[in-house]
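Engineer: Last residue of the sequence shown? That's 152 in the UniProt record's numbering, and every number before it is there in order.
Bear in mind the hints are in silico, worked out from the structure with no lab data behind them.
Note that beta-carbon positions come from the ideal geometry of N, C-alpha and C, so glycine has one too.
There could be a bad hint or two in this list.
Unchecked claim - Distance ranges between label pairs, derived from CB positions:
1) R23 with A47: 21 to 27 Å
2) H83 with L21: 19 to 25 Å
3) E74 with L21: 43 to 49 Å
4) F52 with A143: 15 to 21 Å
5) G69 with P122: 21 to 27 Å
6) R25 with R78: 43 to 49 Å
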Amino acid sequence: MVTGFEPLDLLEGILMAVTQLERGRFEVENQYVRAVRRQGNTEAQDAVRTVFRVTDRAWRGLGTLPAGGLELTEAYERFDAAHRFDVGGLRPAEDPECIAGAVLTGARLPTDCTAYGTRCTPRRPLGAPMVSAEGTCAAFHAAGRTKEASLP
1 MVTGFEPLDL LEGILMAVTQ LERGRFEVEN QYVRAVRRQG NTEAQDAVRT
51 VFRVTDRAWR GLGTLPAGGL ELTEAYERFD AAHRFDVGGL RPAEDPECIA
101 GAVLTGARLP TDCTAYGTRC TPRRPLGAPM VSAEGTCAAF HAAGRTKEAS
151 LP
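Make a model of the complete structure from these sequences and hints.
Structural biologist: See the structure below:
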């Protein structure tokens, strides 16, 4: 659901989502027609296509997603740090205790993670969902959700 940011936009977006759910429909719908067009921002899309190309990309906690990332086109390769500097085969290390992938896909709750709230906090995040305030783990943490409070 694409919605605006005003309270009425959000409420109408929720209504539209519930209506879809009740009708067994699952599709992108635009509530924010005053600002968002079906074709999107074609000028911005053209600029992105000029500078980037789609590529397979490894995502922490999720593995490699086919066509899941962008890389600079040949015309802009000189700006690519991986080409300019000797970074070798550097890959971010994943903490085996972190269940970020399962949280990102909705398969697990942040409170299911043994590191949640102890070794993994907003000040010392182990995975992407704890890094930004919008991340699921960080939002749970900010709301005071603890393992004990999440028990059935």
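Engineer: Next step is simple, just say for each hint if it's right about the structure.
Structural biologist: Tested hints:
no.	hint	result
1	R23 with A47: 21 to 27 Å	violated (37 Å)
2	H83 with L21: 19 to 25 Å	violated (47 Å)
3	E74 with L21: 43 to 49 Å	holds (45 Å)
4	F52 with A143: 15 to 21 Å	violated (36 Å)
5	G69 with P122: 21 to 27 Å	holds (26 Å)
6	R25 with R78: 43 to 49 Å	holds (47 Å)
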